[in-house]
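Novice: Quick note, the sequence shown lines up with residues 115 to 437 if you use our numbering.
In case anyone wonders, no lab produced these hints; they're calculated from the structure.
Just so we're clear, the structure is a prediction, and the values are computed from it rather than from any experiment.
Note that the Cβ used here is the ideal one computed from N, Cα and C, for glycine as well.
Any given hint could be a false lead.
Computed cross-link-like contacts, EDC-like style, restricted to lysine to aspartate or glutamate with a CA-CA straight-line distance of at most 16 Å [to be verified]:
#1 Lys424 x Glu173
#2 Lys420 x Glu173
#3 Lys177 x Asp417
#4 Lys416 x Glu173
#5 Lys393 x Asp140
Label-pair restraints from in silico Cβ distances [what the hints assert, rightly or not]:
#6 Ser175 x Leu261: 14 to 24 Å
#7 Gln294 x Leu422: 44 to 54 Å
#8 Leu422 x Asp312: 25 to 35 Å
#9 Gly291 x Leu426: 15 to 25 Å
#10 Ile377 x Pro350: 30 to 40 Å
#11 Ile256 x Asn212: 46 to 56 Å
#12 Ile256 x Leu349: 18 to 28 Å
#13 Thr345 x Cys207: 43 to 53 Å
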Amino acid sequence: MESTEQNLPQKNHTTLVEFIFLGFSDVPNVQEFLFWVFLIIYVIILMGNSLIIIITNVEPSLKTPMYFFLGNFSFLEICYVSVTVPRLLTDLCRQNRNISFVACATQMYFFLVLGATECLILTAMAYDRYVAICRPLLYPTIMSNRLCIQLAAGCWVSGIPVHMGFTYLIFSLPFCGPNQLNHFFCDIPPVLTLVCGDTWMIEMLIYVIALLVVTIPFLLILGSYVRIISTILKLPSASGRQKAFSTCSSHLMVVALFFGSGIITYLKPKSSYSAGADKFLSLFYTIVTPMLNPMIYCLRNKDFMKALRKFLPKLSPDKTARQ
115 MESTEQNLPQ KNHTTLVEFI FLGFSDVPNV QEFLFWVFLI IYVIILMGNS
165 LIIIITNVEP SLKTPMYFFL GNFSFLEICY VSVTVPRLLT DLCRQNRNIS
215 FVACATQMYF FLVLGATECL ILTAMAYDRY VAICRPLLYP TIMSNRLCIQ
265 LAAGCWVSGI PVHMGFTYLI FSLPFCGPNQ LNHFFCDIPP VLTLVCGDTW
315 MIEMLIYVIA LLVVTIPFLL ILGSYVRIIS TILKLPSASG RQKAFSTCSS
365 HLMVVALFFG SGIITYLKPK SSYSAGADKF LSLFYTIVTP MLNPMIYCLR
415 NKDFMKALRK FLPKLSPDKT ARQ
């Protein structure tokens, strides 16, 4: 009898076909307000990052490695938020918030792959700034078009096989309890709370992958900026120091926002998991940070603002008609 009862969870988990997002159902009176807030933020993210992509491609003065990586980063941000926000907006408008087992796994996979890509692209951007400031005479030689394309391609594809296997392992675990997911998308921590088997091995794997994808890139970025700041402080010209700091400070702000919230979410122990805190942190790095990134990069960058002022008049219908 005891062995039969032990086998029941294994049998039950094979019949699981969907999860139910609880999302923000604990605050039912603000569902419509949240919908409009998130919709406005999503439109800002799409428009801001699309504008960066267009300008970095059409403006000759921005045909440099730094803006090549910025264009990649902006396209990545559009993909990254589109994995979660459209589904969140849909769920805020309806009562039925079911998501199939396969769709949940697919959403988690793309979210993890794009998150890993963001960590690596931010690292490549830090390396570009390191070479530009610490090795200025060798910068055109080192940061060739070929190397930039190779770095960008490596950032985009390196996380694909790792997270494919990782996502498969997570969804191969036994789910035999409630299927209510206290979150607004299929992230690792809330999904693991529904697993009825031992998750020790998968938690150790999370730490290993986080070390490779998050911690090591973060340390490389910090190391680059230690060298960068040391070099900037040695510059004889005050205007040169100010310009160097302005081009690097925006990148540092984005790194701090993204890596800070990500490290807290994925490297904290399972015993300290809180659904409310996790949803708040997830909102921060899935929605708020992507919204702030175009503002941080554009408003603090004189070259980009100059290119923007040249580009916007071209969109004027009156000027087009006169031409």
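Novice: So, against the hints stated earlier in the document, which numbers end up violated here?
Specialist: Of the numbered hints given earlier, those the structure breaks are 8 and 9, listed in rising order.
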